[in-house]
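Q: Listed below are the residues making up each chain.
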Amino acid sequence: MIPGLSTSLLVAFLLGFLAVRLAWPAPSAGNAGRVLRGCLAVGFGLGITSCWFFWWFCLVTARTTWFGSAVIPEVLAAAALGIVWRRGWGTRRSGAAEAEYAEADGGRLTLTDWLLGGLLLAMGGCALVLFARTSLWRPNGDYDAVAVWNMRARFFALGTDHWRSAFAASPGLPHPDYPLLIPATVGRLWKYMGNEARVGPAVVGFLFTLSSLGVVSASLAILRGRRAGLVAGIVVLGMTPFVALGAAQYADVPMAFFAVSAIALAALWDTAPGDLQRGLLILAGAAAAFCAWTKNEGLLFFVLFVAVRVVCSLRGGWRSGSREAAALLAGALPVLITLAYFKLRIAAGIYYLKVGSYAGNGPMGAFLDPATTAQKLRDASRYWTIARAMAAEIFRLGGRVLGLAPLLLLYLLVANTKRQRLREVAGSVLVLALMLAGYFAVYLTTPLILSLHLETSLSRLLLQLWPGSVFVIFMLAGGRSQDRMRLQTDAAKT
Amino acid sequence: MTEILLLVRNRIVPGLLIVFSLYHGVISLLEERTRERIDPNPDPVRAYAESYRSLRDTLAGRGCLRVRYISDTADAPSWFEDYVWMQYALAPIVIGDSSDCRLVVVRRRGLPAGSAAGPSQGLVLIRDYDNDVSLFSEQAQ
Numbered sequence: 000m001i002p003g004l005s006t007s008l009l010v011a012f013l014l015g016f017l018a019v020r021l022a023w024p025a026p027s028a029g030n031a032g033r034v035l036r037g038c039l040a041v042g043f044g045l046g047i048t049s050c051w052f053f054w055w056f057c058l059v060t061a062r063t064t065w066f067g068s069a070v071i072p073e074v075l076a077a078a079a080l081g082i083v084w085r086r087g088w089g090t091r092r093s094g095a096a097e098a099e100y101a102e103a104d105g106g107r108l109t110l111t112d113w114l115l116g117g118l119l120l121a122m123g124g125c126a127l128v129l130f131a132r133t134s135l136w137r138p139n140g141d142y143d144a145v146a147v148w149n150m151r152a153r154f155f156a157l158g159t160d161h162w163r164s165a166f167a168a169s170p171g172l173p174h175p176d177y178p179l180l181i182p183a184t185v186g187r188l189w190k191y192m193g194n195e196a197r198v199g200p201a202v203v204g205f206l207f208t209l210s211s212l213g214v215v216s217a218s219l220a221i222l223r224g225r226r227a228g229l230v231a232g233i234v235v236l237g238m239t240p241f242v243a244l245g246a247a248q249y250a251d252v253p254m255a256f257f258a259v260s261a262i263a264l265a266a267l268w269d270t271a272p273g274d275l276q277r278g279l280l281i282l283a284g285a286a287a288a289f290c291a292w293t294k295n296e297g298l299l300f301f302v303l304f305v306a307v308r309v310v311c312s313l314r315g316g317w318r319s320g321s322r323e324a325a326a327l328l329a330g331a332l333p334v335l336i337t338l339a340y341f342k343l344r345i346a347a348g349i350y351y352l353k354v355g356s357y358a359g360n361g362p363m364g365a366f367l368d369p370a371t372t373a374q375k376l377r378d379a380s381r382y383w384t385i386a387r388a389m390a391a392e393i394f395r396l397g398g399r400v401l402g403l404a405p406l407l408l409l410y411l412l413v414a415n416t417k418r419q420r421l422r423e424v425a426g427s428v429l430v431l432a433l434m435l436a437g438y439f440a441v442y443l444t445t446p447l448i449l450s451l452h453l454e455t456s457l458s459r460l461l462l463q464l465w466p467g468s469v470f471v472i473f474m475l476a477g478g479r480s481q482d483r484m485r486l487q488t489d490a491a492k493t
Numbered sequence: 000m001t002e003i004l005l006l007v008r009n010r011i012v013p014g015l016l017i018v019f020s021l022y023h024g025v026i027s028l029l030e031e032r033t034r035e036r037i038d039p040n041p042d043p044v045r046a047y048a049e050s051y052r053s054l055r056d057t058l059a060g061r062g063c064l065r066v067r068y069i070s071d072t073a074d075a076p077s078w079f080e081d082y083v084w085m086q087y088a089l090a091p092i093v094i095g096d097s098s099d100c101r102l103v104v105v106r107r108r109g110l111p112a113g114s115a116a117g118p119s120q121g122l123v124l125i126r127d128y129d130n131d132v133s134l135f136s137e138q139a140q
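Residue numbers (numbering that gives the first Met the number 0), protein chains in the order written: chain A, 0 to 493; chain B, 0 to 140.
Please keep in mind that the hints were generated in silico from the structure rather than gathered at the bench.
Values in this document were obtained by computation on a predicted structure and should not be read as measured data.
Even glycine gets a Cβ: it sits at the ideal position worked out from N, Cα and C.
Hints may be right or wrong, so weigh each one.
Stated by the list, open to error - Derived, one-sided and incomplete: chain A residues facing chain B with beta-carbon distance under 10 Å:
(1) L115
(2) G116
(3) T133
(4) R137
(5) T159
(6) W162
(7) S164
(8) L172
(9) A243
To be verified - Just so you have them, the derived chain A footprint on chain B, three or more residues with Cβ under 8 Å:
(10) 8-14
(11) 17-25
(12) 28-38
(13) 42-50
(14) 121-130
Just chain A, same shape as in the assembly:
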């Protein structure tokens, strides 16, 4: 079992690592750069192999169900990419970009750095214990993990020759339209392991939770300095419901990972744009597309992310906008093709949007709101209910009475946010705000009873945006070097 698990993760990591190195060959940016690339490699590797595993089912299993026909191409692809990388195709450096990144990540470690590092380790220890205890307490995950994600993974792993049964119309198989990154990833692990061991999905949840932390902390260390990265990491882990959601094996944490990866990669590009760095945009496009391959609301993120990025880049002219769009779509295309094939040929459309899709599906009928969409849109109290629920949840998320978000906003308010920083992350702020607006619209028109839908999903939707929000706020407010310089300038004046 362990050799199978290790092999599957190693192959995925290698593929992800090589894809990231080849797309982003430029600077190492110190330890922070290595950590960032490692975390991206984990997520991208699992995403790439989930797509390949799905295509293996679609194209190969009708002829043979021998698992070697899936493993061998993966290993060969990793070997081929490794040869390309070792021959130096992925090691060109961008001198200007190295200088930009090195400035933020340099300097001796101070006592404060050691203290913050120690606190981050302490938080990491708490999070690890929480994750482990939650996983042992519910080894099969929470409700959605069993009913949706791991359920489909069982069909992939145990029913290779009739895997399409996973999408049969049955009350015991809810949400057949949900994308397949997590089921394909877990199913692949189980195939490698030779059994449906509970450790498989728990490991996937752990890797995405840890990698989300790594992306936020490392990318901020590169862009805003070591201390900003360390404090942001502590704040990400302070949102313990995020850690618990990862242990519950829900797909919201993987989606959060890909969302923050897309935002961080785009920010790295914006800081040091150049042809050698264009791979950052390709990776950002791929990350946004992996959001869509993870959850249906990820499709909303992808559309908003690409649209906002392209519109913002049009300020530099049509050429700039078209090059931005081309790079983003180049990374996204393979994943989008996979998603489109799944939606069009396997699970028809988006279940939620199909009229009547819930009504005939057993007990889901008990949760339906009989009002029509037009009636819901005309109901003013509905707007107030949703707004109030979202505001209250944002205010207390992570705490009993007061959550972390108000403190983060306070941090932002007292910060010396320069106009340049606002320009750097304006696009990402807009994407996050539009995501909230999108969730608002979903609740406005939901076919389910509103209070029930809010109660069972609102906190998870907000947690999807948590790492991205922390990243954006620290991009706006973090970075001590500017403040120290200003203090020295004021001291010199006096």
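Position chain B relative to chain A; hints supplied.
A: Here is chain B on its own, set in the frame of chain A:
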């Protein structure tokens, strides 16, 4: 004034963020311990998967891809959860209203074995399993 603002910005507010994060990290651990004490066995899925592994193997051995599932707990609040856990335990076989191998899985809570179904419903008992679940065969017409 500038120095006070810098103190607030660089020390006090980040310090509050860190302290708050640490506090919640520790509190969540304590809450998790309490939750485990209150409900030491919250994972019924494990019991289903282990109890019905031999049923799944029997169905798979007979070439079933789809099996009819009858439960006499259709009015119980936990009916849907039971349905989903049973589907999880028997996956990749799909449970539903029809069968492709003339087999029927019946759950008959609180009733004697085989009493919730039998010859009157055109079913012949094959075997009883744990937790009130039995496997029946549909009689030939």
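Q: It remains to establish, for every hint, whether it holds in the given structure.
A: Status of each hint after checking the structure:
1. Interface hint at L115 of chain A: satisfied, since its Cβ lies 8 Å from the closest Cβ of chain B, which is below the 10 Å cut-off.
2. At its closest, the beta carbon of G116 of chain A sits 12 Å from a beta carbon of chain B; the interface hint therefore is violated under the 10 Å criterion.
3. Annotation: T133 of chain A was flagged as interfacial toward chain B, and the flag holds, the nearest CB pair being 6 Å apart, inside 10 Å.
4. For R137 of chain A, the shortest C-beta to C-beta distance to chain B is roughly 5 Å, which falls under 10 Å, so the interface hint holds.
5. The restraint placing T159 of chain A at the interface with chain B holds, with a minimum CB-CB distance near 9 Å, inside the 10 Å limit.
6. The closest approach between the C-beta of W162 of chain A and any C-beta of chain B is roughly 7 Å, which is under the 10 Å cut-off, so the hint is satisfied.
7. Hint status for S164 of chain A relative to chain B: holds, with the closest Cβ pair at about 5 Å, below 10 Å.
8. At about 7 Å, the closest approach between the beta carbon of L172 of chain A and any beta carbon in chain B falls short of 10 Å, and the interface hint on this residue holds.
9. Taking 10 Å as the C-beta cut-off, the interface hint given for A243 of chain A holds, the closest approach to chain B being about 7 Å.
10. Counting residues of the stretch 8-14 of chain B whose CB lies closer than 8 Å to any CB of chain A gives 4, so the stated coverage by that chain holds, three being the minimum.
11. Remark: the stretch 17-25 of chain B is confirmed as covered by chain A, as 7 of its residues place a Cβ nearer than 8 Å to a Cβ of that chain, reaching the required three.
12. With 5 residues bearing a CB less than 8 Å from a CB of chain A, the stretch 28-38 of chain B meets the requirement of three and the coverage assertion stands.
13. Chain A is given as covering the stretch 42-50 of chain B, and this holds because 4 residues of the stretch bring a CB closer than 8 Å to a CB of that chain, at least three being needed.
14. Beta-carbon proximity to chain A at under 8 Å applies to 0 residues in the stretch 121-130 of chain B; the threshold of 3 is not reached and the given coverage is violated.
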